[in-house]
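Novice: What follows is each chain in one-letter form.
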Amino acid sequence: MSVPSPIAMLAELTHRCPLACPYCSNPSELLGRDSELDTETWIDVFQQAAELGVLQLHLSGGEPASRTDIVELMQGAHDAGLYTNLITSGIGLTPRRLDALEAAGMDHIQLSLQGTNAELADWIGGYRGGFDRKMKVATEIRDRGIPLTLNAVMHRHNLDDLERTIELAVEMGARRLEVACVQFHGWATTNRNHLLPTREQTIEAKRVVAEAEQRLRGTLAFDFVPPDYYADFPKSCMGGWGSAGLNVTPNGTVLPCHAAESIPHLTFESVQDRRLAEIWFDSPAFNAYRGTDWLPNPCQSCDRKEIDFGGCRCQALAISGDASAPDPVCGKSPNHGLITKILEQAAKPTDTPMLWRGAVQ
Amino acid sequence: MSLALTDTDRPYLPRGVRMVEDRLRGGKVLLAPEKAIALDMIGEAILSRVDGNAEFGAIIADLATTYDAPEEQISKDVQRFMIGLRARMFLGVHS
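Here the protein sequences come in this chain order: A and B.
Residue numbers for the first sequence follow the numbering used here, beginning at 4 and rising by one.
Residue numbers for the second sequence follow the numbering used here, beginning at 59 and rising by one.
Hints in this document: simulated from the structure, not taken from any laboratory.
Careful, some of the hints might be misleading.
Below are the BS3-like pairs computed for lysine-lysine, each with C-alpha atoms no more than 25 Å apart in a straight line [claimed, not checked]:
#1 Lys238(A) with Lys93(B)
#2 Lys209(A) with Lys93(B)
#3 Lys238(A) with Lys209(A)
Just a few of them, taken from the derived set where beta-carbon distance is under 7 Å, the chain B residues facing chain A [unchecked claim]:
#4 Leu61
#5 Arg73
#6 Gly74
#7 Leu82
#8 Leu88
#9 Pro91
#10 Ala94
#11 Arg144
#12 Ala145
#13 Arg146
#14 Met147
Glycine included, each C-beta is placed from N, C-alpha and C at the ideal position.
Throw the hints in and build the complete structure from the sequences for me.
Specialist: Structure, rendered in structure tokens:
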């Protein structure tokens, strides 16, 4: 099997973040500032990524603006010839910093949205005043004409505001809206009974997105990540393990996806020890679920095996206890009944309080 | 809204969208927010004529001459290609 080069790299520059969203995609074991790669190492990794064939670089976190060297990192990424995307809550992006990032070659901003009003957004983000600051940053971004995607993370508590979310994206001058229903890994799994949308919300969200997509053609493009526990087929995670993208954590650990460290039997290598290309092509972790040869049945005989590659490995492990099992979201999975149980459980009132993500220094 | 271009529309690549050489894989790739699209020769031929000044009609005429193909066919293909890009907000139009 010939291994293609990756197209995109997610650089999690830091786990530090002023927000504490209860669905944070960072792992439950957060890394502190002391273990973060320094400026020089990151820039070297960006150059290695470009040589390896990466075209798109997503500078993320945590909050990437928590790095005092974010402008230098942006410049380094731009100089490496990468298309640069800043994935941010907006907190920490002063007008001066935005100017500097623009001058350093920032191509695009993806701004997260926790809710459509201060009360809801600040409750979810666990940060008072966050919504108002974000709205100010959104105005600064629009006034500068920086290409903007609004990333609205949706769940039970804000999915009913979807219409307003879409309006807000248009008002902000965003070209694209990601209606990203929470994916249940790490922190989100802990809070699943609070966050899982209802079936009615899921059906309504699909209708609203389909209607708005038609109405706003030429004004706003949509990317819709529906709540996958209600789907008939699993998502093609990362377009296939070790196939199109990779993720580098704050300390330089290289992962096939942001949640991969939840698979305990895999050992992930670091850019501090090995070249990025060697890790991509040769490391056992990247080769573990690459392609389709490893697929179990019923995936092996399924006509969708080249479409979804058996779905998400982390989800297979988290729900069925086996990372090499079919994604239990799939209706053909022998473990699909576990998904039905989770949905039933989440429909009942829960006694456990919601857990916000912890802070990290 | 209809995203079809008229003959005098002048398409352009908006800020944040650009066509570059793919050094590793060869050929040209269109880079846009969170998306990279490998271009075939036709896509490259179309986009290399998109500069914000050239009118849609002139682009069609140029392609028809260069590739010795009927304008009607070229127009249909280019229209489809550009409508797809406009729907993703990867192409702007001065009218």
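Novice: Would you mind confirming whether the straight-line C-alpha gap from Lys238(A) to Lys209(A) stays at or under 25 Å?
Specialist: 16 Å, holds
Novice: Mind checking the CB of Ala94(B) against every CB in chain A and telling me if the closest is under 7 Å?
Specialist: At 5 Å from the nearest chain A Cβ, Ala94(B) passes the 7 Å test, so the hint holds.
Novice: Regarding the hint that Gly74(B) lies at the interface with chain A, is the smallest CB-CB distance below 7 Å?
Specialist: Hint holds; Gly74(B) Cβ to chain A Cβ min 3 Å, cut 7 Å.
Novice: Next pair to validate is Lys209(A) with Lys93(B); report whether the Cα-Cα distance is within 25 Å.
Specialist: 23 Å, holds
Novice: Closer than 7 Å between Cβ atoms is the bar; does Arg146(B) clear it against chain A? Give me holds or violated.
Specialist: OK, holds: Arg146(B) within 7 Å of chain A, min 5 Å.
Novice: Double-check Arg144(B) for me: the hint is only fine if its C-beta lies closer than 7 Å to a C-beta in chain A.
Specialist: 6 Å, holds
Novice: When the nearest CB of chain A is found for Met147(B), is that gap smaller than 7 Å?
Specialist: With a minimum Cβ separation of about 4 Å from chain A (threshold 7 Å), the hint on Met147(B) holds.
Novice: Let's test the interface hint: is any C-beta of chain A closer than 7 Å to that of Ala145(B)?
Specialist: Nearest chain A Cβ about 6 Å off; hint holds.
Novice: Quick check on the hint: Leu88(B) CB to chain A CB, less than 7 Å?
Specialist: 10 Å, violated
Novice: Can we keep the Arg73(B) interface hint, with Cβ of chain A closer than 7 Å?
Specialist: OK, holds: Arg73(B) within 7 Å of chain A, min 6 Å.
Novice: So, Leu82(B) near chain A? Judge it on the closest CB pair being under 7 Å.
Specialist: 4 Å, holds
Novice: Can you confirm whether the C-alpha distance between Lys238(A) and Lys93(B) stays at or below 25 Å?
Specialist: Between Lys238(A) and Lys93(B) the Cα gap is close to 18 Å, so the pair holds against 25 Å.
Hint compliance for this structure: hint 8 is the single one not met.
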